[in-house]
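**Student:** Residue numbers (the UniProt record's numbering): 1 to 348.
Keep in mind the hints are simulated off the structure, nothing from the lab. Glycine is no exception: its CB is placed at the ideal position from the N, C-alpha and C atoms. Check the hints yourself; a few may be wrong.
[Unchecked claim] Here are the computed distance ranges between Cβ atoms for each label pair:
| id | residue 1 | residue 2 | range |
| --- | --- | --- | --- |
| 1 | THR81 | ASN167 | 13 to 23 Å |
| 2 | ASN167 | ARG68 | 22 to 32 Å |
| 3 | ASN141 | SER333 | 23 to 33 Å |
| 4 | TYR329 | THR109 | 40 to 50 Å |
| 5 | LYS108 | ASP154 | 14 to 24 Å |
| 6 | ASP318 | TYR251 | 10 to 20 Å |
| 7 | THR80 | LYS201 | 45 to 55 Å |
[Stated by the list, open to error] List of simulated lysine to aspartate or glutamate pairs, EDC-like, C-alpha gap at most 20 Å:
| id | residue 1 | residue 2 |
| --- | --- | --- |
| 8 | LYS160 | ASP173 |
| 9 | LYS18 | ASP58 |
| 10 | LYS287 | GLU92 |
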Amino acid sequence: MGSSHLFGQTPTKKNLEKIQVKKTHQKPVIAIIGENQYTELTDFIIPYGVFKRAEIADVFAIAPNKGRMDMFPTLSIEITTSIADFDTLYPEGADLVIVPAIHNSHNKTIIHWIQNQNKQGATIVGICDGVWTLAHAGLLNDKQATGHWYSLPDLSKSFKDTIWTKNKRYLQDKNIITTAGVTASLPISLAIVESIVGFKKAKDIATELGVSHWDSFHNSDVFHFGWDEYSTAAKNLTFIWSHETIGIPIYQGIDEISVALVADAYSRTYKSKALAVTSTNQSILTKSGIQFVSETNEEDQKQMQLSKKITNEIKPIDHLKNTLLEIEYRYGSKTLRFVTTQLEYPTQ
């Protein structure tokens, strides 16, 4: 598959400007906001996991409503803090708001909320197609921004007052930050940690995750969908008798970043879908306190084609690399390219 240059080159200067923190906050307040149906899995889970384990901020996973949040392309989590709950806790607003890709980028509740957070001085980060929500909110007018390679042509047509830039993993314009496709969630999260508390902490977390670099260097020109990719998608969707279910056993303290990366990759093949498996009805929390909703049980797991065990001894990036190798072995090199192109994950 070749070596990955996902995270660019060795940083020579700070990657982001300092994130501004309100004087009334003892430490930064970060809100990751998603739609109850659907929110992109890694866009949401990875920043939450990185910030929680860095222990540099008060971090909240929120949605318009408490309860289940269905993720795309798979898995679901339990949300315990609504927008109203957060606003009661912090009427002065957050310091940093993360906006993942959501199914309905016109969601008025979320748009009004991030507009208000912006007015209160929060830095707003649109990850991957979360940039559509920022654009609909008017936050990108007369600003430089980037986005998923696939979306950039449509974004350029729809929002002509924005200066759209490719070949960037992430891009900051004052208190607005936008990123490229799905796997950009890791480098931007590390860059934010670096902005808040410095390079050493970011490096420590990066080492724990298996990441060596996290600057904004990126070549989006290598990504495109041609005949091979569209043909592969059509074939994989059509041959439903060969579709596989991938069970991921969830246990107390499992690394949610690894879960998100593995499940996201397998569920983009159009030949397989990952499901969370739990053995009891008890609440099981991940390393950073995420509760995945059980979609099947141990008994059903016997009917699955593959049980994908995720151990905390293996770093998240290595779990992703191993999963991509498995995808190539099980489904072929064309399906692998189809997946990595969606993820905007460079493999050369």
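**Student:** Confirm or reject each hint.
**Tutor:** Consistency of the hints with the structure:
Separation of THR81 from ASN167 is about 36 Å and departs from the stated range, judged on CB atoms against 13 to 23 Å. Between ASN167 and ARG68 the CB atoms are about 38 Å apart, so this pair departs from the stated range of 22 to 32 Å. ASN141 and SER333 have their C-beta atoms about 42 Å apart, which leaves the hinted 23 to 33 Å range violated. Distance hint for TYR329 and THR109: a CB-CB separation of about 43 Å, consistent with the stated range 40 to 50 Å.
For the pair LYS108 and ASP154, the beta carbons lie near 21 Å from each other, so the given range of 14 to 24 Å is met. Roughly 19 Å separates the CB atoms of ASP318 and TYR251, a value that falls within the hinted 10 to 20 Å. At about 27 Å, the CB distance of THR80 to LYS201 disagrees with the hint of 45 to 55 Å. Taken as a hint, the LYS160 and ASP173 pair is honoured in the structure, with Cα atoms around 17 Å apart against an allowance of 20 Å.
As the CA atoms of LYS18 and ASP58 are separated by approximately 17 Å, the hinted pair is consistent with the 20 Å bound. Restraint check for LYS287 and GLU92: not satisfied, since their Cα atoms lie roughly 29 Å apart, outside the 20 Å limit.
Hint check: violations occur at hints 1, 2, 3, 7, 10; the rest are consistent with the structure.
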